[in-house]
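Q: Sequence:
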Amino acid sequence: DAQHITQTGTAIGTPAYMSPEQATGRDEIDGRSDQYSLACVTYEMLVGEPPFTGPTAQAIMARHSLDAVSPPTIVRATIPDGMEDAILRALAKTPADRFPTTALFAEALQRPSPVTGSMRRVTRPTAPSRRWLGLPPLAAIGLAGAVVIVALFEARSLRRGGRAAAGGDGLDPRHIAVLYFEDLSHDKSLGYLADGITETLISDLARVQPLTVVSRNGVGRYRTTAVPPDSIGRALGAGTLVQGSLEDAGDKLRVSVRLVDGASGADFKRGTFEQATGDLLLIRVGTSNVAAWSLLERAEKARKDAEALLPDSQGPALAMFQRADSFGAGASAADANWADPLTLRGQVAYRRSRLTRDRREIAQWVEGALGYADQALERAPQDPRALELRGTARYFGWLQQLTPEPTKAAQALAAARRDLEQATELDPTLASAYSTLSHLYYQVGDRPAALLAARKAYEQDAYLGTAAEILSRLFLGSYDLEQFTQAERWCAEGVRRFPRDYRFTDCRLLLLTTDNARPDVNEGWRLLAHLDSIVPAPRRAYEHHSGQMLVGAILARAGLGDSARHVLVAARADREADPQQEILSIEAFARTLLGDRDTALALLKQYIAANPSHTFKRGGDVFWWWRDLRQDPGFRDLMGTKP
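Be aware that the sequence shown starts at 1, since it is given in the numbering used here, and climbs by one per residue.
In short, the hints are calculated from the structure, not lab data.
Hints are supplied without guarantee of correctness; some may be wrong.
No more than 30 Å apart at the CA atoms, straight line, and that leaves these computed lysine-lysine pairs for DSS-like [to be verified]:
#	residue 1	residue 2
1	LYS617	LYS408
2	LYS252	LYS188
3	LYS617	LYS605
Start from the sequences, fold in the hints, and give me the full structure.
A: Structure representation (structure tokens):
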């Protein structure tokens, strides 16, 4: 009998490059396992990090077996589509789904395909759900089908022309933006029907795998502005725009659709069809269903109007939220089996909880949101949006410390996490749920999970309302885990998209404290001055002191010890500016760069006294700021370990 070099069930190798079958110690391992490892190395060469990372070897091996691989073009958009396809195939979980031989993998890497899609989604079967349109599902699907047919017709020419079909500025025709349809009715009564058609098209086209579709958050900013199509195309990176209109024509509705070249603004495909108005409504089964659709349409209208009013005035917004809740109640009563109206009412209650500082009111609205979520889940136990609502409300209640008893608070946090994770499993496109999960993971100290969830949120919807927060979290998670190439990437993306957001000036200061950057003192002072000019007034004092501390750290890295010590002392903040004493930790870090260990430890003791729940670890290891202190007995005492 042939002798095995390793025992069955024993995994030998580097976890970051280990195939799932090797990680589980399977007996039958062939060259396709080596192919997987080679793909991991190739992925790291292109992206700057392996496809999966984690705090422990076991965690990394588990991710190899369970997690989907993030497409490398998320980080480097210039990677050819064919090369990405080859890498993702070689990284398949099952050996049978990889290339038969490593030679074929190598050959595929050298022959990038010009036509494969640039966006991939994990798709899972989900229960059919109704949409809040005012349009019956069959009519909406028919309209979506008409545009999909046009899109597929154009795709055939793309297959013939490959990348040559892209404009001179590099806009890919497969990157599509569906702009909000115009209401051309004589009394402007079809606006919300036009909105519903638009959002259904966005949803339906997003499921066509070769296409990359801009989310409704992305196109929403252009619904009321007269921006030329070519400017929209360049701003959204969309080579194809879908524009349309809805108008009444006697007893019929006329829908017009046109496809527009995103680079030039020229129309290149038009289509028009008419549908009897009565037929649109009669497709719905029963009068009660028609009432439910109409009421929920009005509820969604009121909710959107309320959201639009929030930046300017809370009073009218609160009144509009009340209208949305009333319409939602009517829709729920009209169809006792429909979960969507209850979810909408829960969303309204949750939004109300965010608009008050009174703890009793917060508790009241959170409880209301949870009640509606539970009712919705009684009607549809696997509804991902209802699960997201319940998880989000539970998590917000935990953040507000509505449950002071520690055991019950921990149970509430665990329940919120389960709800949000289940919601994203049922619907992997729920960007907002991923965003909340990222925040949750960050709060509990799981930096790798926070980073992964934030990345998924940004992949699914780069135009999410919380996009700035997501980018900030992506930067901080990468910085904390010493993934500085990624940190630079997310910081630059934040600066590009949100140049007036102070967090993306702060991230540039933080990057200057790393070994990846030259300690440019003049740039540090310039960034601090810019930070002072853009930070909101309530945070101005704190951000100035913390930014000045970072300049002190940059001076320390530059070898200017005396100047650094002078700046660090000047940057110290009082309790009013820094009630949580967070800035003490920044000075402690700068002191380690200067070699002032005793001062650093004294500062950390003060910091721990103010923040007793703080952990010095990130991703399972000691945070890199404190690496030089790891062997110091005083630091070990702070960590609760023995020398």
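Q: For every hint, state whether the structure bears it out.
A: Verification of the hints:
1. LYS617 - LYS408: 26 Å, holds
2. LYS252 - LYS188: 15 Å, holds
3. LYS617 - LYS605: Answer holds: LYS617 to LYS605 is near 16 Å, not above 30 Å.
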